[in-house]
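Visitor: If you want the building blocks of each chain, they are given just below.
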Amino acid sequence: MSDESAREPTRIARPGPGAIIGLILVAAVLLAALTGSIYTPFDPIGIDADNRLAAPSLHHWLGTDEWGRDITSRLLAGATVSVNIGLLTSLFATTAGTLIGAAAGFIGGWLDRIVIAVMDALLAFPSLIMALGIVAVTNGGQMAVVGALSFAYVPSVVRVVRASVLTLRRKDFVDASTVMGNSRAFTLGRHILPNTVGMVIVLATSLFGWALLAESALSFLGLGVPPPAPSWGGMLADSRNYFEDAPWLALAPGLAIAATLLGINLVGDALRDRFDPRTRYL
Amino acid sequence: MSASPPTLLEVERLTVSICRRGQPFHTVVEDVSLTLPSGEILALVGQSGSGKTMIGRAILGLLPGTAAVTSGAIRLGGTRLLGLPAAQLRRIRGGEVGMVFQEPRVSLNPTLRIGVQMMEALQLHRDMREKRARACCLDMLSRVGIRDPQTSFESYPAQFSGGMLQRIMLASVLATRPKLLIADEPTTALDAISRKQVMDLMVELTGEIGAAVLLISHDLGMVSQYANRVTVLRNGRVIECGTPDAILLNPRHEYTRALVGALPRRQSGNASPPQPSGDPLVRIHDLSIEYGPRRGFLSKPATRHRAVSAVSVEIHRGETLAIVGESGSGKTTIGRVLIRLLESTAGRIVFDGVDFRRFTRERWVEFRRRTQMVFQDPYSSLDPRMQLGEIVAEGLRNQRLSGEQKRGRAAEILAEVGLPADFIRRYPHELSGGQRQRVCIARAIVGEPSFIVADEPVSALDVTIQHQVMQLLVRLQAKYGFTVLLISHDLGVVEQVANRVMVMYRGHVVELGSRDDIYDRPCHPYTQRLLCATPRMAHREEGGYALITPELRPAEPPTGCRWFDPTSTPSAQPTLVEVGRGHWVCCDRQEAVHVS
Amino acid sequence: MTRYLAGRLLLTLPTLLLATALVFFMVRLVPGDPAQVLLGDVDNPAALAHIRATLGLDQPVWLQYARWLGRVLSGDLGISIVQQRPVAALLWSAFGVTASLVIPAVLVAVLIAIPAGSLAAWKHHRPTDTAIMAFATLFLSIPSFWLGLLFLLVFGIELDLFPVVGYVCPCSDWRAGLRYLVLPVFSLALIETGVLVRMVRASTLEVLSLEYVTHARAKGLSEWIVMWRHVVRNAMAPTWALIGLTLGALLGGAVVTETVFTLPGLGRLMVESIFARDYPVVQGCMLLITVTYVAVNLLIELTYPLFDPGVRLER
Numbered sequence: 015m016s017d018e019s020a021r022e023p024t025r026i027a028r029p030g031p032g033a034i035i036g037l038i039l040v041a042a043v044l045l046a047a048l049t050g051s052i053y054t055p056f057d058p059i060g061i062d063a064d065n066r067l068a069a070p071s072l073h074h075w076l077g078t079d080e081w082g083r084d085i086t087s088r089l090l091a092g093a094t095v096s097v098n099i100g101l102l103t104s105l106f107a108t109t110a111g112t113l114i115g116a117a118a119g120f121i122g123g124w125l126d127r128i129v130i131a132v133m134d135a136l137l138a139f140p141s142l143i144m145a146l147g148i149v150a151v152t153n154g155g156q157m158a159v160v161g162a163l164s165f166a167y168v169p170s171v172v173r174v175v176r177a178s179v180l181t182l183r184r185k186d187f188v189d190a191s192t193v194m195g196n197s198r199a200f201t202l203g204r205h206i207l208p209n210t211v212g213m214v215i216v217l218a219t220s221l222f223g224w225a226l227l228a229e230s231a232l233s234f235l236g237l238g239v240p241p242p243a244p245s246w247g248g249m250l251a252d253s254r255n256y257f258e259d260a261p262w263l264a265l266a267p268g269l270a271i272a273a274t275l276l277g278i279n280l281v282g283d284a285l286r287d288r289f290d291p292r293t294r295y296l
Numbered sequence: 310m311s312a313s314p315p316t317l318l319e320v321e322r323l324t325v326s327i328c329r330r331g332q333p334f335h336t337v338v339e340d341v342s343l344t345l346p347s348g349e350i351l352a353l354v355g356q357s358g359s360g361k362t363m364i365g366r367a368i369l370g371l372l373p374g375t376a377a378v379t380s381g382a383i384r385l386g387g388t389r390l391l392g393l394p395a396a397q398l399r400r401i402r403g404g405e406v407g408m409v410f411q412e413p414r415v416s417l418n419p420t421l422r423i424g425v426q427m428m429e430a431l432q433l434h435r436d437m438r439e440k441r442a443r444a445c446c447l448d449m450l451s452r453v454g455i456r457d458p459q460t461s462f463e464s465y466p467a468q469f470s471g472g473m474l475q476r477i478m479l480a481s482v483l484a485t486r487p488k489l490l491i492a493d494e495p496t497t498a499l500d501a502i503s504r505k506q507v508m509d510l511m512v513e514l515t516g517e518i519g520a521a522v523l524l525i526s527h528d529l530g531m532v533s534q535y536a537n538r539v540t541v542l543r544n545g546r547v548i549e550c551g552t553p554d555a556i557l558l559n560p561r562h563e564y565t566r567a568l569v570g571a572l573p574r575r576q577s578g579n580a581s582p583p584q585p586s587g588d589p590l591v592r593i594h595d596l597s598i599e600y601g602p603r604r605g606f607l608s609k610p611a612t613r614h615r616a617v618s619a620v621s622v623e624i625h626r627g628e629t630l631a632i633v634g635e636s637g638s639g640k641t642t643i644g645r646v647l648i649r650l651l652e653s654t655a656g657r658i659v660f661d662g663v664d665f666r667r668f669t670r671e672r673w674v675e676f677r678r679r680t681q682m683v684f685q686d687p688y689s690s691l692d693p694r695m696q697l698g699e700i701v702a703e704g705l706r707n708q709r710l711s712g713e714q715k716r717g718r719a720a721e722i723l724a725e726v727g728l729p730a731d732f733i734r735r736y737p738h739e740l741s742g743g744q745r746q747r748v749c750i751a752r753a754i755v756g757e758p759s760f761i762v763a764d765e766p767v768s769a770l771d772v773t774i775q776h777q778v779m780q781l782l783v784r785l786q787a788k789y790g791f792t793v794l795l796i797s798h799d800l801g802v803v804e805q806v807a808n809r810v811m812v813m814y815r816g817h818v819v820e821l822g823s824r825d826d827i828y829d830r831p832c833h834p835y836t837q838r839l840l841c842a843t844p845r846m847a848h849r850e851e852g853g854y855a856l857i858t859p860e861l862r863p864a865e866p867p868t869g870c871r872w873f874d875p876t877s878t879p880s881a882q883p884t885l886v887e888v889g890r891g892h893w894v895c896c897d898r899q900e901a902v903h904v905s
Numbered sequence: 087m088t089r090y091l092a093g094r095l096l097l098t099l100p101t102l103l104l105a106t107a108l109v110f111f112m113v114r115l116v117p118g119d120p121a122q123v124l125l126g127d128v129d130n131p132a133a134l135a136h137i138r139a140t141l142g143l144d145q146p147v148w149l150q151y152a153r154w155l156g157r158v159l160s161g162d163l164g165i166s167i168v169q170q171r172p173v174a175a176l177l178w179s180a181f182g183v184t185a186s187l188v189i190p191a192v193l194v195a196v197l198i199a200i201p202a203g204s205l206a207a208w209k210h211h212r213p214t215d216t217a218i219m220a221f222a223t224l225f226l227s228i229p230s231f232w233l234g235l236l237f238l239l240v241f242g243i244e245l246d247l248f249p250v251v252g253y254v255c256p257c258s259d260w261r262a263g264l265r266y267l268v269l270p271v272f273s274l275a276l277i278e279t280g281v282l283v284r285m286v287r288a289s290t291l292e293v294l295s296l297e298y299v300t301h302a303r304a305k306g307l308s309e310w311i312v313m314w315r316h317v318v319r320n321a322m323a324p325t326w327a328l329i330g331l332t333l334g335a336l337l338g339g340a341v342v343t344e345t346v347f348t349l350p351g352l353g354r355l356m357v358e359s360i361f362a363r364d365y366p367v368v369q370g371c372m373l374l375i376t377v378t379y380v381a382v383n384l385l386i387e388l389t390y391p392l393f394d395p396g397v398r399l400e401r
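Quick note, the sequences are listed as chains Z, X and B, same order. Going by this note's numbering, the first residue of the first sequence is number 15, and it counts up by one from there. Going by this note's numbering, the first residue of the second sequence is number 310, and it counts up by one from there. Going by this note's numbering, the first residue of the third sequence is number 87, and it counts up by one from there.
Bear in mind the hints are in silico, worked out from the structure with no lab data behind them. Hints may be right or wrong, so weigh each one.
Stretch by stretch, here's where chain Z covers chain B in the computed footprint (C-beta under 8 Å, at least three residues) [what the hints assert, rightly or not]:
1. 157-167
2. 234-246
3. 296-302
4. 329-339
5. 372-381
For each residue, glycine too, the CB sits at the ideal point set by N, CA and C.
Assemble the whole structure, with the sequences as input and the hints as a guide.
Guide: Written out as structure tokens, the structure reads:
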């Protein structure tokens with residue numbers, strides 16, 4: 015019998031204050047997006063010429079824009095759009111990137127070399143520039159934006175997943191799987207991929223944030239979601255013309271974007287700590 | 310007896326704890342007292358968690374992050390060290406007390422030249438000008454045996470081997486002629502032969518400058534050869550203290566007894582290998598293994614590295630063959646080729662009568678079922694996301710058993726390796742190193758294999774745990790009757806368990822024979838050097854045990870050839886020559902020779 | 087050492103080739119006749135035929151790419167549909183503007199982030215650390231265009247300290263030029279500062295936990311020397327690489343900042359050309375931005391051995 019005492023099942027460290035704030039912010043945004051898709055206090059695209067550029071009041075909590083549209087409603091509807099695009103992009107880019115990265119890292123050989131060459135070439139473009147290029151040659155619209163952003167982010171995912179798979183491949187438990195007679199496919203699916211889950215989750219979270227920011231930037235430039243559909247970036251762009259008359263137009267959407275990004279970053283950090291073996295336990 | 314030397318270092322009831330939010334949370338050193346007279350060597354011996362490293366760090370005020378001294382006193386030549394203002398403490402560090410760490414590769418800044426780092430302490434504490442400091446350092450470098458001090462002075466740490474780096478560290482630290490040297494596991498990361506060289510050098514140098522040494526190590530056998538006194542620690546407390554002889558021959562505390570019992574010693578009754586009955590299970594013929602880039606894009610074609618050269622050996626059913634060698638000897642590579650994790654480059658491997666190259670697909674499936682491996686690193690050999698029960702049951706995957714049956718068998722096996730029943734649902738990170746290794750073994754034997762390759766199965770474990778795990782392996786082998794290829798760099802571990810031993814050096818077999826042949830009648834100079842570097846407990850005529858190192862007794866090679874030296878010219882022709890029954894030694898033949 | 091340099095250079099070549107090929111083929115994705123696409127909304131059969139001949143549309147695709155590449159390398163990037171001027175000329179003047187925005191932004195970000203990150207790491211787990219990290223996280227969550235708008239609002243309009251629209255090249259009048267650049271540079275840089283501070287802190291923390299730092303302290307060296315000679319230098323190596331990546335983010339971010347502050351840089355040129363369907367210019371912008379990015383990263387890789395001599399020994 016061993017004289018070493020078995021360790022207590024170690025406890026996983028609880029999330030800190032930053033993580034809690036982040037969760038609250040993200041939850042608020044997701045809730046807003048959900049609400050915005052079914053109900054808004056006013057019609058977000060309905061023009062109300064009498065009420066243009068109204069200051070915030072009890073009637074219109076955040077005021078109205080240059081077309082008389084209620085800002086609060088537009089924010090909610092814009093949340094739906096931004097969150098949609100962010101989630102879809104994150105989903106597509108993560109899935110495609112993980113499959114390609116895992117295949118390249120595990121199979122190696124010529125497949126790996128080709129993948130690296132292509133990914134390096136794609137990574138030579140700053141992601142926003144790549145997205146702009148794709149938007150330039152398509153007709154626009156939500157799915158075009160999703161497509162462009164996903165394409166721009168896949169190389170980053172591939173790189174990270176591939177690196178992780180390469181590290182895992184060198185671990186002894188992978189050799190043990192081979193020695194037991196498992197096929198390569200089985201080893202990949204049973205041993206390697208589950209061990210990349212943590213990192214993929216962190217990546218997907220970050221992608222959500224980047225995609226949201228990129229979509230806002232594209233909409234700000236006028237190349238994202240086409241009007242009159244509300245989007246936070248678009249609202250910011252519109253506010254430029256009315257700085258002197260209605261400065262609040264610039265505050266609301268910008269604050270929304272910043273708060274969302276802050277929340278995602280905080281949650282992302284907490285997730286990273288959760289999955290890093292060094293900071294995972296107490 | 311002459312008057313005893315003055316006390317240099319005094320530690321009084323030292324307690325060190327890890328603190329969280331200012332409050333002590335976990336005690337790592339508790340109520341430890343020791344005294345070290347000037348010029349003597351005191352060894353602190355303990356396994357992981359004993360707190361020995363913390364004591365060394367506490368003396369210099371270098372406790373990591375959250376650890377702090379919560380009570381006690383430390384005095385160096387009368388000066389209280391705890392609570393000393395930072396500036397004065399810095400003067401003592403490096404000037405009066407020097408420290409050598411375990412892993413020289415990480416103790417030196419990889420981006421600075423050796424010379425710069427060596428001169429830092431000298432210039433600071435001895436107030437030397439650069440020219441004199443440089444001369445002093447060069448002098449120390451040649452003193453520790455570095456062949457070309459000038460070039461080494463200008464080189465970067467990455468260009469040296471571990472043993473050489475440790476010698477450079479010694480030179481660097483002792484150049485300021487401190488009064489006390491704290492050596493924290495100074496040789497643990499080195500090969501057996503470098504270990505002895507570095508220890509001898511350390512003792513010699515400190516003797517010359519009259520420095521006292523606080524030697525911290527887990528290796529009771531090694532420190533007993535050099536220390537004046539030994540203090541045994543466990544879980545932060547002092548267990549026992551005495552001269553090496555007293556500790557080894559008359560251990561009072563039961564933990565000390567366990568430590569001494571775990572020292573390598575000859576098991577009586579394991580001497581003769583079972584008579585080879587029938588065909589050998591594994592036959593290797595002229596096996597060579599090379600690896601490296603085949604056609605590099607930018608690399609020269611000659612970067613292929615020859616790990617193993619023309620090795621031939623047979624492994625008989627039911628025996629334990631040990632391959633022993635230092636790193637770079639090729640022993641691990643052979644193991645991996647035999648278990649088919651690597652491809653050989655030339656030669657034949659015959660398993661159970663059939664050559665690898667003629668294996669059909671079904672044969673490979675059967676091969677995988679009948680062969681298993683136990684890995685070295687308990688921290689990377691278990692999938693962190695699987696429960697222990699699942700890990701072990703995976704070994705039964707190819708057999709036609711129901712899920713229920715597999716779980717049952719897994720539970721049985723875990724019990725057999727000494728783990729409690731509820732461990733089925735535990736995860737690897739909840740286990741200690743020794744327990745993980747047991748799981749590894751359980752996974753290997755659950756399918757009842759006939760051949761197990763054990764690659765350094767215990768080198769990452771504490772000494773007493775090593776002993777337990779090796780005993781487990783012996784017991785299981787007796788029960789199930791599988792054949793074992795044991796790969797190790799530690800001659801002590803191998804002695805308990807092996808029937809036959811094969812010594813390798815730089816890819817060549819240097820000597821092969823029964824356990825007794827190798828340990829009692831080693832012929833090749835390399836084998837002898839390895840043995841000298843491994844002190845073992847042996848019976849004394851007067852009864853009891855003593856820690857001995859065999860003397861080097863150069864043996865005469867058979868007429869007509871010299872002992873093969875792998876570092877010699879490539880024109881050498883290594884051949885195995887039989888010098889006794891089943892005892893082969895590698896010769897460099899000049900002409901055909903027969904030994905009667 | 088030369089082998090290392092040569093090796094690195096050679097490895098960049100395929101990347102550049104593939105990237106330029108991508109730019110080339112991207113325009114082909116636009117539906118319709120490629121020649122007409124490049125000509126624009128003009129009905130001029132003679133010009134159309136001329137373009138068709140230049141493109142060599144009847145030839146295999148890779149040959150078309152090769153011809154295009156040849157033209158690019160000799161400086162011919164086509165003619166802008168909108169302005170009827172050589173694209174290269176347009177790019178050149180815009181490039182200067184973008185450079186005068188991005189380079190100071192990188193400098194500002196680095197000059198703030200390195201001391202801040204190192205300080206945070208040194209005072210790990212103490213209030214200074216928490217404060218610096220909070221600021222960093224806050225900054226990197228703010229969209230740069232919003233920050234730009236806010237700066238415009240506060241410093242430009244309300245306080246009237248800086249000009250709101252337009253650009254003067256610092257090369258002709260550096261004082262005026264600077265005034266036009268202050269707001270955009272800071273709105274661009276502060277975001278990246280947040281990112282960099284976190285990375286510098288992480289890399290410094292890692293180095294601090296390494297054994298050789300403890301060893302240096304064991305030699306009795308003062309904290310100052312330990313930090314400077316042993317920690318900062320070694321933490322700089324990965325940070326140096328990060329600067330290259332930062333540049334990429336800034337090149338993307340510059341697009342939006344130029345729009346906010348109406349600076350006539352590459353980014354704004356690209357956006358306007360996308361609206362105008364001026365594909366030769368879009369192509370040219372993408373090409374120039376990408377090549378610059380790759381070149382800067384290559385430069386960083388080539389100078390890496392200055393920080394980590396071990397790298398070239400590894401080969």
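Visitor: Could you run down the list of hints and mark each one as holding or not?
Guide: Do the hints match the structure? See the list:
1. 157-167: violated (count 0)
2. 234-246: holds (count 5)
3. 296-302: Since three or more residues must qualify, the claim that chain Z covers the region 296-302 of chain B is violated, with 0 doing so at under 8 Å.
4. 329-339: holds (count 5)
5. 372-381: That given contact holds, which follows from 5 residues of the region 372-381 of chain B lying within Cβ reach (below 8 Å) of chain Z.
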